[in-house]
Amino acid sequence: MMKTFSIGGVHPDDRKISAGCAIEVLPVPKTVYISMAQHLGAPAKPVVVPGDKVKTGQIIGEPAGFISAFVHSSVSGTVKSVGPRKDLAGNPVTHVEIEVDGDEWMEGIDTSDTLAAEVPADVQFIIDRIKGNGVVGLGGATFPTNVKLCPPPGKKADILILNGAECEPYLTSDYRIMIEKSRQIVVGAALMKKVLGVGRVVIGIEENKPEAIAMMSEAVRELAVSSPDYAGMEVMTLKKKYPQGGEKQLIDAVTRRQVKSMGLPIDVGAVVQNVATSLAVYEAVQKNKPLIDNTVTVTGECFPKQSNLLVRVGTPLSYIIDFLGGMPADAAKVISGGPMMGKAVSNLDAATLKGTSSVLFLTEAQTRRKPETNCIRCGKCAEACPMGLEPFLLNKLARNGMTDELEQNAVQDCIECGCCLYTCPANIPLLDYIRVAKGEVIRIMRSRTAPKK
Amino acid sequence: MNRLLVSPSPHIHSKTSTRSLMLDVVIALLPSVLVSVLYYGWSAVIILASSVVFCVLLEYLITKYLLRRPGTVGDLSAVVTGIILALNLPPTAPWWIALIGSIVAIGVAKMTFGGLGQNVFNPAITGRVFLLISFPAIMTTWSGAKGFIGGADAVSGATPLGIVKEGLMQGQTIDQIFAAHDFSYLQMLFVNIGGSAGEISALAVLAGFIYLLARKVIRPHITLSILVTVAVFSGIFWLVDPSRYTDPLFNLLTGGVLLGSVFMATDYVTSPMSDKGGIIFGIGIGIITMLIRYFGSYPEGMSFAILIMNATVPLINKFCKQKKFGRA
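Chains A and B supply the protein sequences, listed in that same order.
Sequential numbering of the first sequence, starting at 52, is according to the numbering used here.
Sequential numbering of the second sequence, starting at 19, is according to the numbering used here.
Straight line, CA to CA, 35 Å or less: simulated DSBU-like cross-link-like pairs of lysine-lysine:
hint, chain 1, residue 1, chain 2, residue 2
1, B, K234, A, K421
2, B, K336, A, K290
3, A, K291, B, K294
4, A, K421, B, K82
5, B, K341, A, K311
6, A, K421, B, K342
7, B, K294, A, K447
8, B, K342, A, K206
9, B, K341, A, K291
10, B, K33, A, K394
11, B, K336, A, K311
12, B, K339, A, K207
13, B, K342, A, K290
14, B, K336, A, K447
15, B, K342, A, K447
16, B, K339, A, K311
17, A, K421, B, K339
18, B, K339, A, K290
19, B, K33, A, K356
20, A, K54, B, K234
Pair ranges (Cβ atoms, derived):
hint, chain 1, residue 1, chain 2, residue 2, range
21, B, I156, A, T414, 51 to 57 Å
22, A, R420, B, Q136, 18 to 24 Å
23, A, R420, B, L79, 26 to 32 Å
24, B, I254, A, R420, 50 to 56 Å
25, A, E352, B, L79, 39 to 45 Å
26, B, P332, A, G377, 54 to 60 Å
27, B, F131, A, G490, 32 to 38 Å
Source of the hints: derived by calculation from the structure; they are not laboratory data.
Computed from a predicted model, the values in this text were never measured in an experiment.
Just so you know, even glycine gets a beta-carbon here, dropped at the ideal spot from N, CA and C.
Extracted from the complex, chain B is given alone in its bound form (with noise of 0.2 Å):
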């Protein structure tokens, strides 16, 4: 006679479990890592592996001997965070600053909120922001990294944006600087030499936002919305004056605004649940983020802007609930 088990319905469940979702995010994430390791060499492979090592042995020591619970590096969440702590960082970087970023991003911004679902604002960028106020000469040079393919060894120590702002301190119009440098569309679409390992293929991380999409891991809204309000904000300034303001395409090609916008800001965690918090959440993202990058002292204001309205993250849950059916 067979014991037959007894519980409430449904009876079945979906395939879809946090560490499949996590795969899918390491998953679209794989174009980036590629296109970084191509081309800055083992000095990508080494602060990619060091920050995803490091990542899940702190969340495994933490939840074993600290909180003394069942471990949990298995849904993969410690890999994505890892990767993304790496994709964050310049290839150049020391091991140490991974382990530092990762004693943040874990130890600090995920764990002691409670680990993964508990966490208010995103672990790695969390960790980015730390590591770019601290270390901030190591964090911004992007020189020595010899690729696998292509000339990488020869670049120069800074990132597009940091030479226009830069170049607008001294007092240059926009034309003068383009000028100077030869900056190229086609090549910030395909391979931009020159930032952080995450954000020198705009097409790597379209790749992944497409996987994302197809696999209905996230939807459209936040990225979508974020990357429209950095287009029209910067569009608008740029219409009004051309010489100061740089223009929409290069605003959203340049720096983190792709990366952030498809794997940073889309974190479930730490953003809103409903489609219409989610689109509120990322034009407040593109308005920071163009604020910072257009009048603020860094160049780069992404992780600013996430951390920034992830912050907001509760406020827009209370206020923004998707319609019920059938009540007005």
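Next comes chain A alone, as it looks inside the complex (with noise of 0.2 Å):
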């Protein structure tokens, strides 16, 4: 029997299209505009001022909290600016912008290729690199690498999750990742449980990708034999349904414990870290190579080219496409991230991040909603819904502001992963009205909590 998390789920056409494609590295544009809120929690404090020459790898931003991360200059050139620029939904964001040239990267760096399979005795050491090179999760949520290592006194973590379900129909960076830098992935991983000190490390894998499971398994074998650091690791095949790669769904499918209401993942055990964060891992602790670029899938029917692209962060989205040969006529809608939870993008100028896993194009046919009508009382939102919710209640009680009933219902559970919008067929735009809902019960039963002024 294969494993999967136990409730709900839904089963979009997965559509790897550009599954194919090696990864191929992309030219570093003329400029770059790094954004200093790269992660989740406090954006970065800019540390160079215009006219600055920096290094490949230079940190241009430093931790403005305790949840925050460094940004690093992804290229060698001048600053032409700091100041606020327009992300990907068209939000001002401090960006730094560098005017490119050459390559000169910083000393230190090892931008070899040989593997690097020794693991580090000093925890700490291994700490201070993942830190100091600006890991984040590139898994989506991008919450500071080190920070997620580091659990609160009093919790332990006792397994290790790499997620490479890569759930979301479409991306492929993932993918090509676990089948061209394998051995990297498994080192990053033994890098992590050696921080944790778990006995046992888990690499789940949907089904569709038979390829890379044959990959990291063989990672896994060859590893295993060089060393102790690499013991209790294995690769476990997941079925193939969405959203198996969302974190609790992930955690439920291999360890069949379910993380509370409210709860984090360490509180049953478990730490879950993506398989592009585990390179960002190796390559930060191994190569002391700081988080400055990523693999980008670009993709969509109507894109005349699809790609697997290594992309410099801060590169803008406009580059790339010009560089596979422009705007498709009739894409209509362009998106960061999976059709299921990624963010439509308005500026097309924005700049990528280190989380941007994939640049997804989708045309009028494939993406318009369809006009709402009643609702049929099928329950196919509430057999989709992972979390065990009633997506046509909270409607309900979300568009007649019912906070209370709301918060009884466990709006707050949602992870706003789209099952429920996806699955219904009179199309009402259940998530819509949930997700803002939850947003308010949250900060209500927050500001219940906070210590009373």
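Mind docking these for me? Both chains are given alone in their own frames, and the hints should help you get the complex.
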């Protein structure tokens, strides 16, 4: 019996049309725009001023809080400006604009391809490298990795789960790195295993990626004989079902433990990291290379060329699009991320972030929402909800602003996976309303527990 | 430069729509429609056609002139109601019976509540029950239809359930009744002449059930819990006194149990949302059906049972929630 999560889920057509495209290195653009808000938490504080010369890998932003991260220059050149610029959604965010001049890297960064498989004995050294090189979670939330690897006192992990599910349709960047950089990912996992002090590492991959499963299993086997640091690691084949890669769903699938409402994975002894994060950890620790590039899938039936590109952080989307042949005439929506949870891009001049996994182009026919009709009470939304919620009910409560009832019916547990809206035969925009209501309810819950002033 | 659409996720939608679901129900009803047309001939064609036309037309006129809202006939739910209503009528019933049934089903049970999704009671059954109470003679006469195959023109006027009820009232035992009428279970499974258009072939209904399950239009909980309840309930009584109570197989194959449990009790709008709720709903229908069959004055109780349980759905929904992730 193949492992999967216990409740709900949907089966969208996986459309991995770029799966066969090996990772290509995208030439460095003339100008990059590096955002200071590339991670969950406080935006980084810029430490360069216009006119400064920077090298590739040089720190240009420092963490501005406990949950924050370093930001490095992804190119070498001259800082042109530091100031607000529109991000992918059109919101002004502080960016550092750098005019590219050559590609001179900082001292101490190993840019060779040689595999460095020896796990350092000093845990603090590993953590410092991860933090100092600005590694954040690349599975979507971009939570600073060093923070996630250091659980609060009293909480202890017993399992590290690497997320290689890539359950979103179209996305293939994780798939490509699992094939092309399997060993590096496994070394990254061993480094995190060392930091967490856990005995077991499970790499979860959906069944629709047999080649990735084979390559990763091979890498695990090969490294297991090399050193005891690689003991207790395994690849687990998971059923193809969305959202298999949702953090809570993945923990449930692998360990049969369910993270409680409003709880964290560490509460059930689990830490989940994306395979791309594991690769970044490898590069940060073993190569001392900051997180300045990442693999981006550029795809869509209407897009002329399917690709998986290694892109420097801060590359404008328009540059990527022009490089691949320009914007197709029938593309109606550009999405950063997958079609289920990705965000619609309103500004093509915006630059990529550390966590940009994909640029997806959809035609109007593929993405246009149909008019909402009466709820037929079919219950398909409740059947699809992986959190066991009742979207039809939450939708009604949300439209009537009934916050107490929303909380009783667990709107705060919603993971915004989109299964309800995806599945609704009456085209009711369930998640649109639920998402807003969830924000409101969580705000109320926080204000209740906050200390009285 | 392309004008970009910007909207919240998800950005894609499953192909399933209300219309596609209703179309699947229509397809699932086709075997029953086919059998009734073959065995009841032009009478069945007329009653099916008039029922569907009246239902669709009424919904169109009501949305356009009374409610002044965008039309909803495109969702095909009125077609489903029309077919199910027709399958619940004796094929020999006149066309105006279908008209009155449609007015009650669409006009009263469905549109007054706000159309599809808002109604408390299943429209087709509401129409049928109204007709059964108002025109008992027409609604229980099954003679005179001439089939395209088989000799349905010689049909006598009662269903197996009616014959049994009649016999018991006259003091006969089940054995005596069965001996006098030569009931064949094999015939009931394939085609059992004597009954509403949709009741006559158990196999045709089961074919539709399998199609609905395969297409994931319905889940099996409601249907199976009704069938199991009917079997268990009648089994207990039959074991206690086989001379007064009919056996489980007879109860499953006759009357509206199959048609009702597959196509009417599973109506999305008027059945519970959760699987657990569906099982309670199904058990309720099974028990009420058998109580009416064994102890009521009507030979058949399926329609009444479904209507009664329809009324309990909001309560069932309130108490039967599915298990939430990470909550005990």
